[in-house]
Amino acid sequence: MSNQAVLHICLSKGWGGLEMYPIRTGGQFREKGWKVLGLCLKGTRVAQGMREQGIETYEVESKFAVLKQLKLIHQWLKQNDVNLIHCHKSGDLVVAALLDTISSYRVLFTEHMGVTRPKKDIYHRWVYSHVDQVLSISEATKKRNLKALPVPAKKIQRLWLGTEIHPAIDDPNHVLKVRKELGIPDDAIVIGTVGRFNHAKGQKELLNAFIALVNQNPDQPFHLLMVGGLQADQGSDIELVEDIQATIKDSGLSKQIHLPGFRSDTENMLAVMNIVAILSHNEAFGLTVIEAMAAEKLILGANTGAIPEILGENYPFTVNPLKVSDIQHQLNEMSINLIAFSPLAQQLKSRAKELFCIEVHNDNLEQIMKVVK
13 MSNQAVLHIC LSKGWGGLEM YPIRTGGQFR EKGWKVLGLC LKGTRVAQGM
63 REQGIETYEV ESKFAVLKQL KLIHQWLKQN DVNLIHCHKS GDLVVAALLD
113 TISSYRVLFT EHMGVTRPKK DIYHRWVYSH VDQVLSISEA TKKRNLKALP
163 VPAKKIQRLW LGTEIHPAID DPNHVLKVRK ELGIPDDAIV IGTVGRFNHA
213 KGQKELLNAF IALVNQNPDQ PFHLLMVGGL QADQGSDIEL VEDIQATIKD
263 SGLSKQIHLP GFRSDTENML AVMNIVAILS HNEAFGLTVI EAMAAEKLIL
313 GANTGAIPEI LGENYPFTVN PLKVSDIQHQ LNEMSINLIA FSPLAQQLKS
363 RAKELFCIEV HNDNLEQIMK VVK
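Residue numbers for the sequence shown follow our numbering, beginning at 13 and rising by one.
Cut-off 20 Å, straight-line C-alpha distance, at most; resulting in silico cross-link-like pairs (EDC-like, lysine to aspartate or glutamate):
no.: 1; residue 1: 365; residue 2: 182
no.: 2; residue 1: 189; residue 2: 199
no.: 3; residue 1: 101; residue 2: 71
Quick list of the computed label-pair ranges, beta carbon to beta carbon:
no.: 4; residue 1: 110; residue 2: 167; range: 18 to 28 Å
no.: 5; residue 1: 258; residue 2: 113; range: 47 to 57 Å
no.: 6; residue 1: 382; residue 2: 131; range: 27 to 37 Å
no.: 7; residue 1: 110; residue 2: 379; range: 21 to 31 Å
no.: 8; residue 1: 345; residue 2: 243; range: 33 to 43 Å
no.: 9; residue 1: 195; residue 2: 82; range: 47 to 57 Å
no.: 10; residue 1: 185; residue 2: 71; range: 38 to 48 Å
no.: 11; residue 1: 76; residue 2: 188; range: 49 to 59 Å
no.: 12; residue 1: 63; residue 2: 211; range: 30 to 40 Å
It is worth saying that the hints were derived from the structure and are not from the lab.
C-beta: ideal position from N, C-alpha, C; glycine also.
Based on the provided sequences and hints, a complete structural model is requested.
So, in structure tokens, the structure goes:
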């Protein structure tokens, strides 16, 4: 069997960074000459995304249906000379483990979340006995995984994620055009964030801090841009979205707070922002952080999870993401003299290019994938 073929298993109905990863990585590895297959749920964004990337898919109605079709899936893999399986959700590992009992597969597991509860019972010991390598996406998640997973330390390694590093959009006319489309004035100081709406992402705390900031500085042209899907099928928490919309209405600041919904042009959204706030309560990694760094933006990051290690040890602007008053204070300090912090934004961009570009990530991942069982 060829070592240049891989099956990505992602049996998720959701849509976020985890689900995008096997799609994006699979497409990029196809360009590197790998044969890439995908096992996913029928009718999901994952299935659609895999097909759009040219990934051959085996689509099932449910996770239970996978169990009934294991032999057919195994035959499909044999026909395509696949002996490497890459999983992305812990719940999908049982499928890889069962396939590994039928025949000998090499199983990789990119642990995207950071395990918070011990998984050392009989069931999990059996499942993880079939995992050859756990890839933790940050030092923060690696520490959690070493404590929680029934896997020897030598089988757990950190592999930072990466993203495409595009040139920062610095054409002022283009930025003004995008601002106009969003209803944001030319002279506005824009605080922004990008990501699906979820309580753990910190949008509500950011909103409350912004409202307090405007009330404290009513003459300043502050605007808040919160980019992210507003629908359940876009991975967002509908109750939170409705709560945020109600809070905006009650604040009387509807003209200064913008919810454009899901946008595929992240670079344009970041381009109009002066400060990017990434206030996840316990982020496992945070591709948005890297995208904002690559866009040469000043960032207010959470001081928890993996965000501090991405920004770098000496980065000055991190904050407790649960303390609204601290968020407000930091935003005020950062907005007083944005130009003075331009060198800091430039340093973030250089760090992103050196450590977090997709080429570095894929090269490191490929070396791991090429190891023969």
